[in-house]
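Visitor: Same order as they appear, the protein sequences are chains A and B. Just add 18 to the spot in the first sequence (first one is 1) and you have the working numbering. Just add 39 to the spot in the second sequence (first one is 1) and you have the working numbering.
Among the hints, erroneous ones may be present.
[Said to hold, decoys possible] Using C-beta positions, here's what the derived DEER-type ranges look like: (1) A/LEU202 <-> B/ARG222: 56 to 62 Å; (2) A/ALA384 <-> B/ARG219: 44 to 50 Å; (3) B/GLN301 <-> A/TYR67: 18 to 24 Å; (4) B/PRO180 <-> A/GLY332: 34 to 40 Å; (5) A/PRO249 <-> B/VAL192: 36 to 42 Å; (6) B/SER177 <-> A/GLY332: 55 to 61 Å.
Derived by calculation from the structure, the hints in this document are not laboratory data. Glycine included, C-beta positions come from ideal geometry on N, C-alpha and C.
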Amino acid sequence: MPRRLYDLRASIPRLWAFAHEHLLLLPAGAATALVWVNTLPESYYRFSYAIAFAVNDVAMAFFFALMTKEVVEATAPGGMLHPWRRALLPVIAAIAATTLAALFHVQMVAALDEPALAVAWPVTFASDLAFSYFVARIICGRHPIIPFVLMLGIASDALGGVAIAAFHPTVVHHFTKGGMVLALALGLALALRRARVTSFWPYLLIPGSLSWFAFWWSGLPPAFGLAPIMPFLPHAPRDPGFFVDASPDAKDTLSRFEVWWRHPSQIALFYFGLVNAGVAFHSLEPGTWGLPLAVLVGKPLGVLIGAGSALAAGLHLPLSLGWRELVVVGFIAAIGFSVGLFFCSALLPPGQLHSETSMGVLLSLAGAPLALLAARLLGVGRFAR
Amino acid sequence: MIGFWTNDEAASSQASSPLAYLMHTLRRCLIPVLTAAACTALLAQSVALPNRPDSVKFAAIGDNGTGDRPQYEVAQQMTSAHSRFPFDFVIMLGDNMYGGQQPNDFVRKFEQPYAALLAANVKFQASLGNHDRPENASYGPFNMNGQRYYTYVRKNVRFLALDSTLMDRKQLDWIDATLRDSREDWKVCYFHHPLYSNASRHGSSIDLRLQMEPIFLKNGVNVVFSGHDHVYERLRPQKGIYYFVSGAAGQLRRGNMEPSEQTAASFDQDQSFMLVEVAGLEMFFQSISRTGRVVDSGVIRRQQRPPS
């Protein structure tokens with residue numbers, strides 16, 4: 019018995035590493051939520067309402083801070099966003115893809131006789147960077163499709179954040195007051211950087227807290243609150259690569275931040291899935307299909323149209339990237355998952371619309387098998403003929 | 040406390056001869072059948088509420104806007120009832136429009152079926168459901184003045200028409216403040232998604248219940264009307280509040296009810312609407328089917344207010 023216990027304890031780090039590496043914590047939280055809410059709904063809602071603020075608005079701030087860290091590092095020499103011009107074509111593709119997906123969504127929910135769901139259109143912008151990266155790696159290994167997918171995802175999520183701020187159906191924003199506090203936070207972060215402060219804690223506790231408060235006060239999702247501070251944290255001179263874990267011995271501030279918050283943010287992701295993916299099946303109506311259909315049709319089409327327009331304007335696609343790869347990219351970009359669930363919770367209060375949109379986001383995971391299927395049919399990546 | 044009109048059976052008597060036995064059997068079997076048939080015909084023609092001149096009278100319809108024949112037939116029953124029970128307004132419990140929501144749809148799914156009531160200056164006070172376009176709040180005859188949620192008073196009754204499709208913090212705070220400041224005898228809330236329902240398709244919206252019920256309890260809400268499930272259900276008081284689901288004024292999910300111990304009465308065999316009368320500290324109600332049959336009726340006495 020003690021031996022078994024020892025084996026079990028020894029296997030926990032391996033299990034954790036496996037779950038972390040294969041992005042299983044968020045799906046595990048989501049699956050738990052689905053089972054819980056459809057068996058003991060009242061206890062589920064009591065639990066999720068009680069911790070929703072701590073998870074969605076506080077803990078997720080560290081997850082988005084880590085996502086921002088990846089983007090900041092990508093702007094360093096050797097990064098895929100260095101120089102910025104390289105991002106232009108994916109950004110244009112993202113604008114086209116998100117616009118088309120949003121338009122399809124509005125039309126689709128009206129056709130499915132649930133026009134009230136149209137307010138959820140900014141959720142169609144969401145693209146789960148980590149999941150997209152994971153799927154793209156499975157299909158293409160180290161193909162140039164990877165940076166394209168990630169740049170497209172970053173641009174889509176940024177546009178989604180702006181859409182939520184600008185078109186929130188219920189929140190009245192206080193941009194002036196919040197903007198003043200944010201300016202103060204950025205000024206303090208700059209001062210810390212100029213003073214060559216290398217510990218991330220002062221950045222986090224002073225300008226980070228102020229920035230978080232500024233977002234909350236403005237009526238914007240406070241989970242984005244740490245993002246504006248991240249570029250001020252000193253980082254390595256060269257990009258170590260997207261989603262390459264920082265070494266525990268790393269000396270630069272941004273990497274130290276990642277080493278400290280990597281595991282807590284994964285735990286936050288589990289709870290995020292648990293809090294936001296609890297969809298009672300009896301609340302669903304045909305309108306639920308609007309979002310997955312919109313992103314699974316609109317994004318591949320939008321990527322093709324956007325890239326075509328950019329090419330017509332004189333931009334160039336990376337080598338080895340043609341229309342076949344772009345179709346696969348479109349399906350991968352349709353996977354909203356973590357960011358989709360976040361947009362949904364930031365946009366919609368609990369209720370039927372929230373449930374249906376959350377389920378739509380979960381169904382957008384169909385983008386992964388569809389991307390695999392498209393790659394196989396079109397001979398992309400490891401299926402190249 | 041709820042009271043009902045009941046039909047006490049006559050005491051049976053012992054038959055002393057074959058003729059007397061025949062007469063007795065006829066009386067036992069035939070008379071109730073004939074009486075029931077006569078009552079059904081009569082009820083289709085009459086309204087048995089107290090119908091007092093100074094009371095607040097209204098009708099309730101939910102999930103009505105199909106534009107199909109059953110909606111028109113329910114509307115005919117409403118018009119027929121209005122001639123004998125002159126209700127001043129109709130509360131709409133959401134899903135006032137299904138499918139297309141173009142100007143001609145508003146004619147076919149609202150203005151035509153309720154033309155006689157609109158002509159008689161009956162006011163419709165709508166709340167929106169998940170099948171309604173949010174812009175419908177600005178449709179004049181719905182009397183929402185462009186607001187997703189709003190309040191109004193009729194004599195001693197405070198009504199709150201709410202938007203359960205987007206129940207955000209701001210609306211919850213508004214409900215709390217409005218109910219807290221209300222000094223009327225009755226506080227009636229209506230919205231689309233039912234906090235309690237025993238229909239199998241949707242059932243109770245527990246996520247909403249956990250947010251709204253504490254506010255209702257704190258502020259002494261008396262009665263709540265909802266739709267969404269396409270049946271009629273009257274719940275036993277839940278924590279002292281009376282709940283009605285009346286979501287079958289156009290749509291119908293036949294056989295969808297799964298009554299539980301929460302259910303006081305239910306009807307899922309035909310379309311239906313409600314007539315309600317608030318007279319002093321009593322609220323009388325009837326649920327009437329598409330064919331004019333009274334499927335449920337009763338009276339509610341106003342509950343005690345929670346200590347302020």
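Visitor: Now, for every hint given, state plainly whether the structure supports it.
Guide: Do the hints match the structure? See the list:
no., hint, result
1, A/LEU202 <-> B/ARG222: 56 to 62 Å, "violated, 46 Å"
2, A/ALA384 <-> B/ARG219: 44 to 50 Å, "holds, 47 Å"
3, B/GLN301 <-> A/TYR67: 18 to 24 Å, "holds, 23 Å"
4, B/PRO180 <-> A/GLY332: 34 to 40 Å, "violated, 55 Å"
5, A/PRO249 <-> B/VAL192: 36 to 42 Å, "violated, 55 Å"
6, B/SER177 <-> A/GLY332: 55 to 61 Å, "violated, 46 Å"
Hints 1, 4, 5 and 6 from the earlier list are contradicted by this structure; the remaining hints agree with it.
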